[in-house]
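Asks: Here is what each chain is made of, one letter per residue.
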Amino acid sequence: MEFLITNSPALIVAIPLVVAFIIPLIGRTGDKARNTFMLAAFALISFLVAILAVNIHSVGIRIYTFGATTADLAVPEHFIVPVRIIFEVDAMSMFMGIVVTTVTLAALIYSLQFLKGQPRQARFYSLMMLLYAAMMGLAFTGDMFNLFVFLEIASIAGAALAAYRTNLADAVEGGFKYIVISAISALMVLFAIGILYSEYDVLSMAAIAHFIQYTHLDMIALGLLGGAFVIKLAGVPLHMWAPDTYTVAPAGSTPMILAASYMSMYALYRVTFTIYGGFIDTTAIGWAVIIVGLLSMFVGVMMAVHQTDIKRMMAYHAISQGGYMLLGVGVGLAVLADPVALRAFGQAAMEGGIFHLINHVFYKALLFMTAEAIFLRIGTRDTNKMGGLARNMKWTAGFFIIGALAIAGIPPFNGFASKLLIYESVLKFNPVLAIIAMFVSLVTLASFAKVFYSAFTGAPMPAYKQVKEVPKSLIIGMSILAVLCIFFGLFPGLIVNNIVAPATNALINHAGYVNAVMGAVP
Amino acid sequence: MYILNYQYAVWSPLIWLVSLAVVSIMVFIWRSRGRKSYKEATAQTDVFLSGAKVPPEEERHVKADNIYWGFFESLKGLYRWMMKPHTGIVNDYLLWFVVVSAIAILIFFVAGS
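Protein chains in written order, with the numbering used here: chain W, 18 to 539; chain S, 452 to 564.
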């Protein structure tokens, strides 16, 4: 078991990478063999994630140094800086790992019957595994250059998944836009890494954080990294690509592309808190994050309520909900240098923002899945053409209600618990911000009431009278997320204490992250 | 385990669930006291629209476009302003990216000096 725990950070990234390339080969023997292999491999990966999460929860940060005599030998003998590739897994990395693994599991199960009979299934699953490996790599890496590499892998896999339905013109366009903005933003990340490397001769995040002086070059690097991550996480005003891409991505891939966006949010947090956290004026940067959050919340929700394409509407809501996460963590960042304010409300605001991330990924993935279930059955995303679907698609309607109530922050679903934390703590920081957040929640509820009324209620449209409920694997995929939405809402204390609070502490604990790699290096 | 307890916020879903159960029971009792002797598919259950001919059920469904019409009409100016940057052209998206990155660098320069 110790061997597994020690090597799990590398295995969790390596196994899906290998599986991604084996899937097309096994796919030649038949769909059943391919699906069985893929699910078995993912069960193994999930097991590794689970044991690593338990270990991180009990012992703290874990290092994996590639090519070293022992996994935790970050700085080789006779060296004063780390030179090897390092995975550094703390509670925040593990939190993202849990989010990504859960969503991928639901997405894989959902896709099994969604794709039945469609061509190029092996490629689809290969890309999903590739995207999963990239996201886990992003979560675990302790090295800036590898962050860029995993960002690129995630971008390529995400774009290919978005454009998977090549018979639809808008799918190709959505995929194209995703790869263009991803490639340009990744280039800016690479440019920023080049700046940091030219100054400090290291690529390890901990080492950069240890040596950083916050020179003018570092400010430029921070601006480039910030811009690149904000466009990838679809923060307003850099959000325009997201509705074009999320709308067209098929089946389970939409939740995964959504999760990939939040990996950029994680990267933004990692850079601001871990690398620059000990040196910069966090008040100014915190306010910059808050403003992006507020704009995202407001513009996202106002655009969403206006949409008649069900997935486009959900995509705008994803932008809006991302604003809550930025607001919560931004408040924490703004008061990071003030221990009294941090203790009084800053840490709770950050917990709210981080708790909202996991909640949002779960209910938004569920909502995207219900939208795709409708599209599968009636062939349109236009809510003007829908009506009375609840009579024939009872499960889908039920899951939609759970997702809609969760995103609107209605108790006892998970969205309520995290929004409550955000409202209460942000209120202490600045009441206007909390009021805006509550208004956005109200418009969110109105928006989903509109979609529920137009799609599910009333008499069935003549064309959809024979519509049937979706196949079982889709229902199982949606059930996993629906149960989590309810569970997280009923036991918020359990989740916050065991997953969210350790992740928040890991983000705040700048010195802990640096010392885990740099140790006693002067 | 159930409770999110901070100095200023307490949330217990169990209390909420008990309240929901009580309200549900009250609604059920209220509904069961309703009149059961009506006749279906007669004038007793038909929709009455000031004597005008009522269209069939599927034609009565309000389309998504028409929901919240007044809200969108009164905020027409705001929506015109918000939709303007949503051109759908990827070149424009990247222009925004360049501008925002430049502003971010400026903010960091001002805050850092």
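FYI, nobody ran anything at the bench for these hints, they're computed from the structure.
Among the hints, a few may not be true.
With a cut-off of at most 20 Å between alpha-carbon atoms, the simulated SDA-like pairs for lysine to any residue come out as follows [to be verified]:
1) K514/S <-> F392/W
2) K535/S <-> K49/W
3) K514/S <-> M478/W
4) K527/S <-> V449/W
5) K402/W <-> K504/S
6) K535/S <-> H323/W
7) K402/W <-> P507/S
8) K514/S <-> R408/W
9) K489/W <-> A407/W
10) K133/W <-> K402/W
11) K514/S <-> A466/W
12) K402/W <-> E509/S
13) K485/W <-> V166/W
14) K504/S <-> I102/W
15) K482/W <-> T496/S
16) K482/W <-> R394/W
17) K527/S <-> F456/W
18) K445/W <-> A463/W
19) K514/S <-> W532/S
20) K402/W <-> K485/W
21) K402/W <-> H512/S
22) K49/W <-> A186/W
Asks: State for each hint whether it applies.
Replies: Quick rundown of the hints versus the structure:
1. K514/S <-> F392/W: Holds - the C-alpha atoms of F392/W and K514/S are around 18 Å apart, at most 20 Å.
2. K535/S <-> K49/W: Since the Cα atoms of K535/S and K49/W sit roughly 49 Å apart, the hinted pair is violated (cutoff 20 Å).
3. K514/S <-> M478/W: holds (11 Å)
4. K527/S <-> V449/W: Violated, because 25 Å separates the two Cα atoms, which is more than 20 Å.
5. K402/W <-> K504/S: violated (24 Å)
6. K535/S <-> H323/W: holds (14 Å)
7. K402/W <-> P507/S: holds (16 Å)
8. K514/S <-> R408/W: The given pair, whose Cα atoms are some 18 Å apart, holds under the 20 Å limit.
9. K489/W <-> A407/W: Given pair K489/W, A407/W holds - Cα atoms ~17 Å apart, limit 20 Å.
10. K133/W <-> K402/W: Outside the cut-off at roughly 26 Å; violated.
11. K514/S <-> A466/W: holds (13 Å)
12. K402/W <-> E509/S: holds (11 Å)
13. K485/W <-> V166/W: violated (44 Å)
14. K504/S <-> I102/W: Violated, because 76 Å separates the two Cα atoms, which is more than 20 Å.
15. K482/W <-> T496/S: Not satisfied, since the Cα-Cα distance of roughly 23 Å exceeds 20 Å.
16. K482/W <-> R394/W: Holds - the C-alpha atoms of R394/W and K482/W are around 11 Å apart, at most 20 Å.
17. K527/S <-> F456/W: holds (19 Å)
18. K445/W <-> A463/W: violated (27 Å)
19. K514/S <-> W532/S: violated (25 Å)
20. K402/W <-> K485/W: holds (17 Å)
21. K402/W <-> H512/S: holds (10 Å)
22. K49/W <-> A186/W: It is violated: about 31 Å lies between the C-alpha atoms, which goes past 20 Å.
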